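> Following the hints, complete the assembly by docking chain B with the ligands onto the known chain A.
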Amino acid sequence: MDVGAAYRVPATELNVLVAALDDAGYAVWGPTIRNEAVVVDRLDDAANLPHGRRTVQAGGRYRLDATGDARVFACVHGADSWKRLLHPPKVRLWRCTRDADGALDFAGDEPAEPRPMAFFGVRGCDLAAIRRLDDVFDRAAAPDPVYEARRNGLFVVAVECAEPGGTCFCASMGTGPQVERGFDWRLTELDDADGHRFLVGAGSALGAELLAPLALAPATAADETARRRQGEGAVMGRALDTAGLGEALVARRESGYFEQVAERCLGCTNCTMVCPTCFCTTVEDTSDLAGTTAEQHRLWDSCFTLGFSYVNGGTVREGGPARYRQWLLHKLATWWDQFDACGCVGCGRCITWCPVGIDITAEAAALRAEPVP
Amino acid sequence: MTAPPLPLTVREVVGETAEASTIVLDDERGGLAEPVPGQFNMLYPFAVGEAAISLSAFDAGRLTHTVRAVGPVSEALRRLEPGAQVGVRGPFGRGWPMRRARGRDVVLVAGGIGLAPLRPAIHAVLAEREAFGRVLILYGARSPADRLFIAELESWDARDDVDLAVTVDYADGGWRGRVGFVTALLPHIRFDPDHTIAMMCGPEAMMRAVASKLTARGVPASDVHLSMERNMKCAVGTCGHCQFGPLFVCKDGPVFTYAEIEQLLAVREI
Ligand SMILES: Cc1cc2nc3c(=O)[nH]c(=O)nc-3n(C[C@H](O)[C@H](O)[C@H](O)COP(=O)(O)OP(=O)(O)OC[C@H]3O[C@@H](n4cnc5c(N)ncnc54)[C@H](O)[C@@H]3O)c2cc1C
Ligand code: SF4
Ligand code: SF4
Ligand code: FES
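Protein sequences appear in the order of chains A and B. When you read off a place in the first sequence, starting at 1, and then add 722, the result is the number in the numbering used here. When you read off a place in the second sequence, starting at 1, and then add 590, the result is the number in the numbering used here.
Chain A extracted, bound-state conformation (with noise of 0.2 angstroms):
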């Protein structure tokens, strides 16, 4: 559905809107601010939103500054992402038992909190990571059971973005800082000669319904001009060519320029981890002492690691170059056969994160301009 028209909230009234969606049975979860960094959190009250901070990010660098302002969305992301709390990073998907004739029983994972969950703050760039994980745990055809338990119901409240970080370049990659569609409200916070402010819109007749009740007044049309100078104004601290860029990385996948990406490299995983699209994952089997119980969890995993691709008698992708290789092709390339869209949204987590500064726009712009081998 089209965004329905845009209601004005005070700055100081922003609990209103997550305390209707307490009232509506949600546990609502948001953007707050642990040692020196901003992370998905449970969101009691909106005081505990980051307020007047920004983020000051770069290659492998990541800092909170103050804005000198009560902006409350002046600071993106930090390394968490919501992916954690619908695909976890380790989960139980089932438990079985033995009993003394040898029978087994398998019984699957309950997920430990039966609300559904409401996402406070969800910017463009995570805003189309989740769609990402909808393609992959298949909500559309065969739900992973795990992923629909906690995706089933979920309420999201995207926020655009007005200083996007220095690693950001969703603009390159259609995602953001603006967004248009898949949320049920949509935040702007305008803070400007006609005070802090926010702007919400519904994006769903779900949150049509819930905003009706909470008698805001109308946004103005001085307010829209506002919201959309903000949108065009955000300044991006990155910018990746996508123009046949998944082409033009297939035809060099054999390039010699991934040893040099590899010398730099230190497979340590963390572009896997901190990426809000990353599906993958591993499975670890154990079983209690008296050998009655066993378990099975899902871990994340990453194509950074060794045994990821062990087959009997050895490991497909030994070289680091090879390593290298799957995570940027498959972020730029190969999803789109997978999953007809971009495995990257352009969050830029991936490039403040790595502890080496390894940047994927500028590698997948340099290896671009290699010749094909």
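Since the hints were made in silico from the structure, they are not lab data. Only a predicted model underlies this, so the values are computations on that prediction, with no experimental measurement involved. C-beta atoms are modelled at their ideal positions from N, C-alpha and C, and glycine is treated no differently. Keep in mind that the hints are not guaranteed to be accurate.
In silico EDC-like cross-links for lysine to aspartate or glutamate, where the CA-CA straight-line distance does not exceed 20 angstroms [what the hints assert, rightly or not]:
(1) B/K841 with A/D1062
(2) B/K841 with A/D860
(3) B/K841 with A/D766
Cβ-Cβ distance ranges computed for the label pairs, FRET-style [to be verified]:
(4) A/G1036 with B/D649: 30 to 38 angstroms
(5) B/R732 with A/A759: 52 to 60 angstroms
(6) B/D616 with A/G1036: 32 to 40 angstroms
(7) B/D759 with A/F1061: 36 to 44 angstroms
(8) B/S745 with A/G1036: 31 to 39 angstroms
(9) A/A759 with B/E665: 42 to 50 angstroms
(10) A/G1036 with B/R690: 27 to 35 angstroms
(11) A/F1061 with B/G808: 31 to 39 angstroms
(12) A/G782 with B/E859: 25 to 33 angstroms
(13) A/D1062 with B/A811: 21 to 29 angstroms
(14) B/G808 with A/D821: 54 to 62 angstroms
(15) A/R950 with B/A849: 32 to 40 angstroms
(16) B/E859 with A/E946: 18 to 26 angstroms
(17) A/F1061 with B/R652: 33 to 41 angstroms
To give a feel for the contact side, a few chain B residues facing chain A, derived at Cβ under 7 angstroms [to be verified]:
(18) P594
(19) P595
(20) E819
(21) C829
(22) T847
This is chain B with the ligands only, laid out in the frame that chain A set:
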């Protein structure tokens, strides 16, 4: 879907070689969907872990798997005894092109444990023998003692409507058959390249060599089928481990045409 496994009871275990055993599971209640030749199941011996194991035969309610012990899971499977239960998920993947093979010569090439996933295709062809042209089975084993399904090999060899050629890498005293790699058998076989379906499973290097020789003899790359192996954790396209370029071996394969994967096979460490 990552639904929990279904417990099935082991009905029979047959030792094949020093390392491999055939395990027959009872699914008389039909808890799993009917497999097609070339598909695989994820088998879970209690408390050890899961491994992808192909169906090596199936008929009403009996799901047969042939396992070579190479690590913890396959070793635990081989040690199973009748009456024990294992967890089973499946069947998964795209199988052999049985429908397309009808009316054509069928060339089946197996290396080592690769005969196991090809066996249901052989059974299907022999069950309707008149629906197919020439049937050629080429099988390479490490040594005579490493041959799987020896009684069945003899029964195929005895038929005059099947051409079976077995070769071993290393012969021992009593072996009177061929010695050498399975690729060496190819120049000697006769088939109609325009009306042939080839199916193969074995080490990747073997499959690359066989596929390129068959296409060199005029079989279109789209009629040459290979069963690929990659690390697999989920079997349903969500763990990412089995990626082979843009393909997920678990759900897009494990059987691919040479036309689909020839370029990928040429890329090292992909
Ligand atoms: C589609 C498909 C069909 C298959 N069909 C069959 C079949 O019909 N029959 C058959 O026998 N096999 C089949 N396989 C192969 C089988 O799934 C593997 O051999 C499986 O890994 C066996 O598991 P395992 O635990 O016994 O051994 P593995 O996991 O391979 O372990 C072997 C050895 O390697 C070590 N190891 C394990 N993981 C790692 C790692 N990450 N890094 C370093 N070392 C490691 C182990 O400790 C062990 O010593 C198939 C595979 C696929 C993909
Ligand atoms: S690849 Fe990097 S920039 Fe792209 S979505 Fe993942 S973490 Fe963000
Ligand atoms: S880049 Fe690597 S870890 Fe991320 S989704 Fe792709 S294969 Fe998985
Ligand atoms: S085995 Fe998990 S994606 Fe293929």
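> Hints broken by the structure, by number, lowest first?
3, 15, 16, 22
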